[in-house]
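Numbering-wise (this note's numbering), the sequence shown opens with residue 364 and increments by one.
What the hints contain is simulated information worked out from the structure, not anything from laboratory work. Just so you know, these numbers come straight off a predicted model, no measurement behind them. Since no wrong hints were added, every one of them can be taken at face value.
Estimated spans, in silico, between C-beta atoms of each pair: (1) S403 with K379: 30 to 40 Å; (2) A401 with W376: 35 to 45 Å; (3) P404 with W376: 41 to 51 Å; (4) H370 with L394: 17 to 27 Å.
Each residue gets a CB set at the ideal place from its N, CA and C atoms; glycine is no exception.
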Amino acid sequence: MYGLIWHILPGPWASKFIMAVGLLAGGAALLWFFAFPAISPHMPFNDGAVDTTGIGGAEVPEGEVDPEAVEVEGEPEAEEGPGAEEVTAEGDGA
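Could you put the whole structure together from the sequences, leaning on the hints where they help?
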């Protein structure tokens, strides 16, 4: 097959090589931009195997803890309370 293409291409060895590389790049571009996107929806790569039925604001099942309701120890507060002014005063360099 490649020998047939090599004999059909006109010119000396250097020009045949440049045209063969161009044909290879053109074939790869056609596959990359047209063929692969056309068959992509039919491939199983995007089929997930993870069950996501309880995700998205649904109620928490019995026996499980709601992660938003749990307070984490050592987590800083949102700059409220008596310590907020002290931290900002020290950060100003005054």
